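On the provided structure of chain P, position chains S and Z with the ligands as indicated by the hints.
Each chain, letter by letter, is given below.
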Amino acid sequence: MSWEFGAAVAMIVLSAIIGLPIGHAMLASSVFYLLLQGQDMSIAFEQMLTGLYGSYVLLAIPLFIFAADLMNVGSLSDKLLDFCRALVGRFRGGLGHVNVVSSLIFSGMSGSAIADAVGMGRIIINLMTKDGKYPGAYAGAITAASAIIGPIIPPSIPMVLYALVSDTSIGFLFLGGVAPGLILGILLMTMNAWQARIHDYPVEEPVPLRELPGITLRAVPALLMPVILLVGIYGGVTTPTEAAALAALYAFLVSTLFYRSVSLRLAYETVRNSAKSTAAVGFLIAGALAFNYVVTIEQVPNVIRDALGDTELTRITFLLLVNVILLLLGCLLEANAILLVIVPIFLPTAVSLGIDPVHFGVIVVVNTMIGLATPPYGLLLFVVTSITRSPIRETIRHLLPFLAIMIAGLGIITLVPDIVLWLPRLYGYGG
Amino acid sequence: QDMPTLRLSSVVSDNDIRAEAFAEIAEAVSGTFDMQVFNGATLVAQGSEMTSIQRGNLEMGLIAPQTIAEQIPEWSIVTSAYLFSDAAHLQATFDSDVGDELKALAADAGIHVLAPVYFGTRQVNLAPEIDVQTPEDLNGITMRMPGGDAWQFLGEAIGANPTPLAYAEVYTALQTGAIDGQDNPLPNDYNMKFYEVTSQIVLTGHLIGFDVLGISKELWDGFTPEQQETLQTAVDAAIATSTQRHLDREAELVEFFRDEGLRVYEPDRIAFRDYAQQKYLESEFAASWPEGMIDRINALAE
Amino acid sequence: MSSSPSRPTHILRTLADAVPATLLAVMFVCFIIQVFMRYVMDSPVGWTVEVCVIAWLWILLWGQSVSAEEQDEIRFDILYGSVSSGVRRWFRIVFSLLLVGIYAWSLPALWDFVTFMKIQDTSYLDIPFSWVYSVALIFSVVTILRYLRILWGAARGTDTGQSSVDELGRKDFTE
Ligand code: NA
Ligand code: NA
Chain P
6 MSWEFGAAVA MIVLSAIIGL PIGHAMLASS VFYLLLQGQD MSIAFEQMLT
56 GLYGSYVLLA IPLFIFAADL MNVGSLSDKL LDFCRALVGR FRGGLGHVNV
106 VSSLIFSGMS GSAIADAVGM GRIIINLMTK DGKYPGAYAG AITAASAIIG
156 PIIPPSIPMV LYALVSDTSI GFLFLGGVAP GLILGILLMT MNAWQARIHD
206 YPVEEPVPLR ELPGITLRAV PALLMPVILL VGIYGGVTTP TEAAALAALY
256 AFLVSTLFYR SVSLRLAYET VRNSAKSTAA VGFLIAGALA FNYVVTIEQV
306 PNVIRDALGD TELTRITFLL LVNVILLLLG CLLEANAILL VIVPIFLPTA
356 VSLGIDPVHF GVIVVVNTMI GLATPPYGLL LFVVTSITRS PIRETIRHLL
406 PFLAIMIAGL GIITLVPDIV LWLPRLYGYG G
Chain S
58 QDMPTLRLSS VVSDNDIRAE AFAEIAEAVS GTFDMQVFNG ATLVAQGSEM
108 TSIQRGNLEM GLIAPQTIAE QIPEWSIVTS AYLFSDAAHL QATFDSDVGD
158 ELKALAADAG IHVLAPVYFG TRQVNLAPEI DVQTPEDLNG ITMRMPGGDA
208 WQFLGEAIGA NPTPLAYAEV YTALQTGAID GQDNPLPNDY NMKFYEVTSQ
258 IVLTGHLIGF DVLGISKELW DGFTPEQQET LQTAVDAAIA TSTQRHLDRE
308 AELVEFFRDE GLRVYEPDRI AFRDYAQQKY LESEFAASWP EGMIDRINAL
358 AE
Chain Z
-15 MSSSPSRPTH ILRTLADAVP ATLLAVMFVC FIIQVFMRYV MDSPVGWTVE
35 VCVIAWLWIL LWGQSVSAEE QDEIRFDILY GSVSSGVRRW FRIVFSLLLV
85 GIYAWSLPAL WDFVTFMKIQ DTSYLDIPFS WVYSVALIFS VVTILRYLRI
135 LWGAARGTDT GQSSVDELGR KDFTE
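Residue numbers (my numbering), protein chains in the order written: chain P, 6 to 436; chain S, 58 to 359; chain Z, -15 to 159.
Pulled out of the complex, with its shape left as it was, chain P reads as follows (with noise of 0.2 Å):
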């Protein structure tokens, strides 16, 4: 590795820190190394556009956060959320409960942790806070907790990108991730019902059965949408990138058709939005494809697999290496950014040591989902401290019991890979 290598880690980190958007240190560090080189400075724009112009997988990105978007708009998150009340609201701690429940069926439609505490997210903070019933730093806390689980549970954007990087088949990857998931979603349930009795939160009104099959009619749309996912991806209609637009469509149909809550006018507010959001994200994944480049022509991968390959790892210590590593880069570095360029310096090593790709996946998705509630840089952090309007601090130590429980989580989907394997074995997957 060069020293100018190091100039363009260093820029990245330094002009980060003070400020600049994260895809412009990147794509700026790239030119930047790129001219100390003396090399030709389009490099980094041509390895960002023929990237991007050759990921077609990348493409259920926007179609993922247009579906997302257009259920919180068009009201399928509210009657999920009556239905989730009516369901387990009853229990101590129940708003809590609510909270992972709703969760673990709106990750069934959505492919993004962000959209998810953005969403169901907000919602159910409101109602968990309003009356003081529980601290808003609590609230913001399981709502971040619950939001990791999002893209655990299919469909998920972490999971198209590794996929992407590694070659791995969605649908494979898709089914790996439900088992954790669901797993998380009990581990998350568990530890909100012990800091219910440790803090005495309230119970909610018993909601009178006779409402149930009102309540539960109203939520059908919205509860049949993981199936419409499922059955369009694994009946055969479309590919998990296409299921994205399907989702879409569903959504679609519904909030216009069936709950009449969406107009033209705000159906063109959400696509707007949907764009937007869409550039914001995807401009980060710009970024990392031009440092890819940096990392690549710099042969850092062969570095690191040349350093792990004489220390003569076993699998398992190499997987908790990587855990250990990637859960400190998670405080540090943005999701996409540990997926798009660090997964690659990791996966080569983890191939020859006879680790699965799918296992691999779940276990790298899983963590740095879980990098986006870690302080200092956590994404879900600031998103739910600017809904909670509770500070950071207070809302980081209601955070800590569930992050956790959620490590130790990832402990346990690391040391058992049948935990991740059966669902895709079962459905043909040879690894």
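These are computed hints drawn from the structure, not numbers from a lab.
There may be inaccurate statements among the hints.
[Said to hold, decoys possible] Covered stretches of chain S, going by a simulated chain P footprint (3 or more residues, C-beta under 8 Å):
no.	region
1	98 to 110
2	217 to 224
3	227 to 241
4	249 to 263
[To be verified] DEER-style ranges, computed between Cβ atoms:
no.	chain 1	residue 1	chain 2	residue 2	range
5	S	E341	Z	L129	56 to 62 Å
6	S	D152	Z	W95	49 to 55 Å
7	P	I412	S	Q301	17 to 23 Å
Remember, it's a predicted structure, so these values are computed and weren't measured experimentally.
Even for Gly, the Cβ is constructed at its ideal location relative to N, Cα and C.
Frame of chain P; chains S and Z with the ligands shown alone:
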């Protein structure tokens, strides 16, 4: 003094036979060149090898002939169905005056052709248990072909309904029935485990799959004759070995797939060949083919 | 920030936003056509993929330059969001100088690349890649202008940049 650096970008995976060939070349020329191999399209994106070389940002690339044909329409002739009968015919053509013409066209675009790199003969691989003897039998069959109109046309030329799909998605799509089939050389069918989710392989042999190992023309012209000789000799030896290994592997795999319970059989190749050549001659592609070249290539078949 | 924009500004803003919005809508429709043609009509099409990747490229680079507002940009704001406005002003001066410098310096090379790419056409629609990639030039030039404005505001002390921690959740992922 400093040895010239040769960075080679390819899309093949690190454990591919061709990756081994590139490693052999790098080893054989290590006294003359600092050759660095980047597989898996990690250095430049798939399809941009040629422009990167032309812009002086890459020294060597494994370039698909379809990519070359996007700039040099005459090259589309070597991407057409049933042109070469086998790997030997491919090599013979590139060694002949036809090859010289094609190489001269590439040289005008800044690419010096070192060798055609054979990677297997494309065969049709289907999920439904139908009997395929003629192109008509493939009517209504949704078949995944690589993206781009040249590839899609190849699918039409054998009678199927082509659809583009990312390579990593093909297995699931075959399993769910989103597609009925796909076409690839047998080693790919094995690597991607397509045999687990399909019922038969029709040995259509519709395309002799190859890429072009190319180097910057400007760079090549600047080498001493000794340097050129060293590189060319290393390439010829490694690629010859690689081609033989591919042929052996393909023969082996026919047996393997039969043991796995797949039906592996040869259809009426003449019917396929006539149908495909007719389709091509009627297409916009043939308009750019050099006059009489197809007959000269046919004449080179043994 | 809160004063209502003048009418021409408003129209320009609407137009700037309409481009990525329209492209996303086009992308959505193309995907539906693609599934419909393959699954229902049994007659798959390939051009939809090409329209979608071009739309995706333009949504991204247009969205992050022409229609971008500062609060739409994802930044690391643990330090940036917590320093005093005086310090933040200096941060803004430094990073905008850096970005303008690098993008301006590389602009001729980028121009050279984009114009060179007329050598190749897209597969289905036969659009020269110089046109497909021209959005990178728009991106670079507009970003230079945007950050010159940030530099100007910071240098004159009229704009110290608000804490984007607040902005992040309120603006780009909501509504
Ligand atoms: Na999800
Ligand atoms: Na973090």
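(message) Can you tell me if the region 217 to 224 of chain S counts as covered by chain P, using C-beta to C-beta distances under 8 Å and a minimum of three residues?
(response) This one holds; 3 residues, not fewer than the three required, reach chain P with a Cβ under 8 Å.
(request) Could you say whether the range 17 to 23 Å given as a hint is met by the Cβ separation of I412/P and Q301/S? (result) violated, 52 Å
(message) For the hint 49 to 55 Å, verify it against the beta carbon of D152/S and that of W95/Z.
(response) Violated, at about 42 Å.
(message) Can you tell me if the region 249 to 263 of chain S counts as covered by chain P, using C-beta to C-beta distances under 8 Å and a minimum of three residues?
(response) holds (count 3)
(request) Quick one: see if chain P covers the region 98 to 110 of chain S, three-plus residues with Cβ-Cβ under 8 Å. (result) It holds, with 8 qualifying residues against the three required.
(message) Verify this for me: three or more residues of the region 227 to 241 of chain S with a beta carbon less than 8 Å from a beta carbon of chain P.
(response) holds (count 7)
(message) Tell me if the beta carbons of E341/S and L129/Z are separated by a distance inside 56 to 62 Å.
(response) violated, 43 Å
Against the hints set out earlier in the document, violations occur for numbers 5, 6, 7.
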